[in-house]
Every structure is written in C-alpha cells, then in structure tokens.
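K.L.:
Spelled out, the chains give:
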Amino acid sequence: MAGKTLYDKLWHSHVVEERADGTALIYIDRHLIHEVTSPQAFEGIRLTGRKIWRPAAGIATPDHNVPTQPKERAAGSDGIQDPLSKLQVETLDRNCQDYGITEFNMSDRRQGIVHIIGPEQGITQPGMTIVCGDSHTSTHGAFAALAQGIGTSEVEHVLTTQCLIQKKARNMLVNVDGELPRGVTAKDIILYIIGQIGTSGGTGCTIEFGGSTVRKLSMEGRMTICNMAIEAGARSGLVAVDDTTIDYLRDRPYVPQGQLWSQAEQYWRTMYSDNDAAFDKVVSIQAASIAPQVTWGTSPEMVAAVDGQIPCMDMMANEQQRESLRLALDYMGLAEGQPIGEIHLDRVFIGSCTNGRIEDLRRAAAVVKGKKIASTLKQALVVPGSGLVREQAEREGLNTIFTDAGFEWREPGCSMCLAMNADKLGEKEHCASTSNRNFEGRQGYGGRTHLVSPEMAAAAAITGHFVDIRDWS
Amino acid sequence: MEPFIRHTGIVAPFDRTNVDTDLIIPKQFLKSVQRSGFGVNLFDQLRYLDEGQPGMDVATRRLNPDFVLNQPRYQNATILLTRANFGCGSSREHAPWALLDFGFKVILAPSFADIFFNNCFKNGILPITLPDQEIDRLFTEVAGNEGFTMEVDLEGEQLTTSMGKTLTFSVEPYRKHCLLQGLDDIGLTLQRAEHIRAYEERRRRECPWLFQDLNSA
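Same order as they appear, the protein sequences are chains W and D. Numbering follows numbering that gives the first Met the number 0, in which position 338 of the first sequence is assigned residue number 337; successive positions increment by one, without gaps. Numbering follows numbering that gives the first Met the number 0, in which position 140 of the second sequence is assigned residue number 139; successive positions increment by one, without gaps.
Bound conformation, chain W alone (with noise of 0.2 Å):
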C-alpha cells in the first residue's frame, strides 16, 4: 500500500463521518475570526437562535479595518474616525463578549494580523485543521496544519457545529531544491512558483512544498511561501514538521506545557509525507535559476525577474492571453519590452499576512540602515503585523532605522494591503509593496501594485525604482 501525503494524514484525522455523495464531515480545531468577514455570521446564529459549538476553539482579532496611525489608535476602537470600520470593529468586540470567544481587541498589546497572531501565540499548532473567513489562512499550513480560507457562510457553519462539509482536494508537491542566490527570498520563491505554474496552477490542489530549499528556509519563510499558495489557486499551503518547526513553537503562550508537550512533539513529529506516498501533480524548481522577481501587471502570475522585461504581445499563445496582457499594461500604465528597473515608484509598503514579521522587518531595515528615501517617493510606510512583532522592531531599534530613513513607523494591521483604512495609493500611483495580491484597486482605487520581497522594497524605497538586491551593498 502506497504511503500517505501530509495532506491525507491531515484528512483522514479530520473525519468525522464520510457520506456516499463523495464528501465528508471534516473537524476543525482552530477558528480564526476577523471584523470583516463574520459579523453576518453571527447575525445568522443570532437569527436562528442557534448556539455557538466550542467557542474556546475560536479566537477573534480586527485587523482588516484598523488605523494604523499612532494618533488615531491611542484611543482603542473609539478612536476610528470611518464609521463604518468602527460599527465593524465594534461588532466584533460585541460578537466576541455575547458568544465568550477570545478577542485580541484593538487595545490589546497581542492585537495584530490573525495570520501573523495566530503562530506567534501558539494557536497555529502542526497536526490541526484551522479554519478563518479570510483566504490567506493557507499560512498556517507552514506549520503542517491544515488551514484553509472559508467564505461567511461557512464561517457560521463552523461557529455552529465545528466542522466544514467537503471533498477531498488532490495532492500536489512543489519541491524546490538547492542554494538561494544571495539575496533571493522566500517571496520570490513563492512569487517565481507562482509564474511558472499560474493563478490556477494549485486549483483543487492542496500545495505541499518541500525539497532542502524549503528544509533550509526560517518558520517565517514558510509561512511566506505558504501564504501565497491561494494565489497559486490552492486553497492550503504545507510544510512538514522538523526541528525548525518545534523549535519555533517551544514556549509560545498557547502551547501544551509539561507531559501534554511531549506527547503532542511526537504526535508533531509524524507530519510528514511518507517516502512512498503518491502526489497526483509534482513540480520541481531549482533555487539556482530564481532571481529577485517583480510583478508587473494586476495577477500575481504576471511576474518577471528584476533583471527582466515586461513580455510582449508576440509572446502569447492566443487572444485571450493577449487581451489579458493588453488590459494590465494599460491598467499599470506600462509597455510591452519595458525593463521592470525603469518602474519609476511613488510609494512602498512594508508589511502585510505575507511579510510583516520580525524577520521580514529586519531584512528590510538592513537593506535600510544608515540611507535615505528617494525624495520622489510620496511615501513609505512600515506596518509591523502585530503589536508584539512592533513591540520587537522597537526593542532592536529597527523603528529608528525606519524613521531615519524618512519611512512612517505604524501600529500593526493589514493596511495598505487591501487599503480598507486610510492606507491606501492614489490613481495611477505605483508602489512596490510586499503583500500578496496586485488585483486592480486593491490597494486603492486605480493604485499600481507591484509585489516583491521586503529586500526590494526597502531597496526600491532607497532608489526609488526597482534595483537587484543581488548587487546592493
């Protein structure tokens, strides 16, 4: 009998029953709750009278529509001066007392982006299927959970019966293997898979990533890649457990203590796809061929090396591919053969579910440390992902390498990400960015997103366009 996948391992310990329609009842262990997507969850439990199953399992924070000004956030909740992001964010803290779910609220110290809370406290745990009404969730699966993106109202459906009903999704393994040239991230790995397989590469899939690249990379790098792997279509991210990932999880406040610790290690330690267990898609990537990327145009696939071009039309293999090309580059206002270091930049975003951890900060501030901002650059803006991830930063003085620099140092949220607050690009503005999606208006309305690592953005921010990290000194 063939071996099993870390994903059919993490299946199989979920169901609750399988039906003969071809789905099952699958148990979630983790709830991670935020403003945006669950207020008309609870609006339906509280219509329908029904009771919340376990509401220790869940645990809530506001993030999407948080200031991230230290002004506007001195005040908690009441400070919010949108109406409409306070009433959410109000919500929630409301939803959280009448249904007794843990809620790092907007004045707590531990508040910050629930993908970036979630493995800082210990929550995220290997071995768990983990759950949240946001499709960035896959980067808990850094951490061989199973953790996956779910719409509202399954939000409810979870809240209510602890489980999800689903079928089973394929297995696929994207092995990256070899040294990373200097200089090139866990971003542009995740970026590079991305434009090699596509935004409907992963589709129906759930992504296992490993190879020794991936063995070698930080918890912080995992969850990086793994983050990404919703804009590879695949709704879940893998990596299996090593010594990287216990030791990343030793002394978090919600781990198990004592015996239980011990016992949950070696249940942890068994995350792993087996030697002889079957993927039904595989793809291998060499580190050696990856370069800083950039992307270029308004879907993460359009994505070039930073030493590259913007392809042209007769390139493409049909109409719809260049109708597709036709529509970004006037979107971003750019050409076709264009040298992506010829993208001039009005704004840099540092932060976000992808790249607003300790590690991306200080890799960011390094590139940084003793240089100034462009002076063509309208802004350029630091968001730590939590208040504990800021909390750090300051103790290591990366806030001041920032300031110094002539960047704004903030209060933890996704901000510009998604610009749901004031952080957001004006029309036609280009920012390069370390988030996650470069959609049309996603970080504003008519904004120009360009996706890097917090290396080319902070190196970007310096020059004011795109430069190779690679010869940065």
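Calculated directly from the structure, the hints in this document are not laboratory data. All residues carry an ideal CB built from backbone N, CA and C; glycine is no exception. Treat the hints with caution; some may be incorrect.
[Claimed, not checked] Quick list of in silico lysine-lysine cross-link-like pairs, BS3-like style, CA-CA up to 30 Å:
| # | chain 1 | residue 1 | chain 2 | residue 2 |
| --- | --- | --- | --- | --- |
| 1 | D | K175 | W | K280 |
| 2 | D | K175 | W | K167 |
| 3 | W | K371 | W | K70 |
| 4 | W | K215 | D | K104 |
[As the list claims (entries may be wrong)] Chain W is faced by these chain D residues, among others (derived, beta-carbon under 10 Å):
| # | residue |
| --- | --- |
| 5 | F13 |
| 6 | R15 |
| 7 | V32 |
| 8 | E50 |
| 9 | G51 |
| 10 | F111 |
| 11 | I114 |
| 12 | N118 |
| 13 | E140 |
| 14 | N144 |
| 15 | E150 |
| 16 | L179 |
| 17 | I195 |
| 18 | A197 |
| 19 | D212 |
[Unchecked claim] Calculated Cβ distances over 10 Å to all of chain D for the following chain W residues:
| # | residue |
| --- | --- |
| 20 | D20 |
| 21 | D275 |
| 22 | D345 |
| 23 | Q378 |
| 24 | L387 |
| 25 | R469 |
Go by the hints and put chain D onto chain W.
P.N.:
Okay, now just chain D, sitting in the frame of chain W:
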C-alpha cells in the same frame, strides 16, 4: 436559501480571464455588516467612471458605457458568461452576494477558483463549468444574437440556448441536492451532532492538547 431548480435568463458575456473577487466587489464595500445591498457596486471599478464609496447614490455616478453590463441589451441579464479562474483571490462571500443582488443566478466559465465556487452554492448561485471550446462558442453566439437567452435545468443537468442548442453539465451530488431543495446545510450537519461529539471524545483521548481552551491561556 431559495431552491434552484430551473432558470431561464439573458446571458451577458464578460470576456476576461482571472477575474478576482476584488474586481467583483471592491474592499470599501466590505465594511457593511449586512448580506444585501452589494448589487449596485458589483464590478464597481469597471462599471462606473468614478471611484465608488459606500453610501453614494449610484444614480449620480457616471456609468462606463464600454462596460458590458451597462449595454442596454444585457440590462436584465441573469446568466454571466465568463473566462477561466473566475472568482480568484479573496474569500469574500460579498462577491457572490453582489452577483446575486445584481440578479445573476448562473455563471458559466471554463474554471472557477475553489473558495468562490463553494461560496456560490451557499447562496443559491449555480456556477457551471464547461469546456473551453463550448465557452468560446457561447461567446460568439451571444455576441451575434441580441436577446440570447438560456434555460438551465439543474435536475437534468442540461442547458438549452435560445438558438436551440443543448449542452450538458455536471454538478456534485451533494451540492445539487442542497440547491434543488434550498437546504440550509447547518441544519443538516446539526442532525449529525452525536457523531461530532463521538469524534470529539475519541480525539480528546488521543490528542488532549487539541482541546485546550483558548479562553484560559
């Protein structure tokens, strides 16, 4: 949820691949705490020539005359014909809410993003996957025939165009059952409550740390 059994309506062609949910309903409209009212802001950035904000009176906004849904012949469309990977990106269920609120009941595409696909069924929208060649042919037929309609029969998994052509499609049995009956799947799952409790008891014995109370740390 209203049952979906059979539907006949005008088909609108939206010829674009990788349509993401940010494009379907932009983030500023996600600040609502309700499920309804998103239809006027469906495809807001494409539909209007100005930047939309919550609470704006859309009657005062300038429509983009080039956008397909603004063309008179597609005004009352209820079936959306589109391209591959429709609904990619954010998990926001506001996307199907906006489509439904606008009037769309059926979406035809060569492929859909997983979360969006799932969200449609929870709201009584039927997303139908058809081969590329069929989608291509439908685009041509819709463009060439004003008033092109389609009858979608979920029970028979069949659609018939106003040109008299019949196509078959398939829907997973569980999803089909729920749509046909208009079922609330929470109610169905709660009928299995004993099984869920039995799973929890077994799992708690095997992996007790999984049941740590997050309220207590």
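K.L.:
Look at each hint and say if it fits the structure.
P.N.:
Now the hints, each set against the structure:
1. Taking the CA atoms of D/K175 and W/K280, the gap is near 28 Å; set against the 30 Å cutoff, the hint holds.
2. Restraint check for D/K175 and W/K167: the C-alpha separation of about 18 Å stays at or below 30 Å, so the hint holds.
3. A distance of roughly 25 Å separates the Cα atoms of W/K371 and W/K70; the hinted pair therefore holds under the 30 Å criterion.
4. Taking the CA atoms of W/K215 and D/K104, the gap is about 48 Å. The hint is violated against a cut of 30 Å.
5. Annotation: interface hint on D/F13 violated; nearest CB of chain W at approximately 12 Å, more than 10 Å.
6. Given the 10 Å rule on beta carbons, the hint for D/R15 holds: about 7 Å separates it from the nearest Cβ of chain W.
7. Evaluation of the D/V32 hint against chain W yields a held restraint, the C-beta minimum of about 4 Å falling below 10 Å.
8. Contact between D/E50 and chain W, as hinted, is supported at the beta carbon level, the nearest pair being about 4 Å apart and thus within 10 Å.
9. Interface hint at D/G51: satisfied, since its Cβ lies 8 Å from the closest Cβ of chain W, which is below the 10 Å cut-off.
10. The restraint placing D/F111 at the interface with chain W holds, with a minimum CB-CB distance near 8 Å, inside the 10 Å limit.
11. The closest approach between the C-beta of D/I114 and any C-beta of chain W is roughly 6 Å, which is under the 10 Å cut-off, so the hint is satisfied.
12. Annotation: interface hint on D/N118 holds; nearest CB of chain W at approximately 4 Å, less than 10 Å.
13. A hinted interface residue such as D/E140 counts as satisfied when its beta carbon comes closer than 10 Å to some beta carbon of chain W; here the least separation is about 17 Å, so the hint is violated.
14. Interface hint at D/N144: violated, since its Cβ lies 21 Å from the closest Cβ of chain W, which is beyond the 10 Å cut-off.
15. Because the closest C-beta pair between D/E150 and chain W is about 26 Å apart, greater than 10 Å, the hint is violated.
16. Proximity of D/L179 to chain W is violated relative to the hint, the smallest CB-CB distance being about 13 Å (cut-off 10 Å).
17. Of the supplied interface hints, the one on D/I195 holds, with its beta-carbon coming within about 6 Å of a beta-carbon of chain W, less than 10 Å.
18. The beta carbon of D/A197 comes within 8 Å of a beta carbon in chain W, closer than 10 Å, and the hint placing it at the interface holds.
19. The criterion of a C-beta within 10 Å of any C-beta in chain W is met by D/D212, whose closest approach is roughly 4 Å, and the hint holds.
20. For W/D20, the condition that its CB be more than 10 Å from all CB atoms of chain D is violated, with the nearest at approximately 4 Å.
21. With a minimum CB-CB distance of about 25 Å to chain D, W/D275 clears the 10 Å threshold, and the non-interface call stands.
22. Consistency note on W/D345: stated as away from chain D, and its beta-carbon is indeed over 10 Å from all of that chain's, at 17 Å minimum.
23. Here W/Q378 stays apart from chain D, with its beta-carbon at least about 19 Å from theirs, past the 10 Å limit.
24. The claim that W/L387 is not at the interface with chain D holds, since no C-beta of that chain comes within 10 Å of its own (minimum 14 Å).
25. For W/R469, the requirement that its beta carbon stay farther than 10 Å from each beta carbon of chain D is met, with the minimum near 30 Å.
When held up to the earlier numbered hints, the structure conflicts with 4, 5, 13, 14, 15, 16, 20 and fits the remainder.
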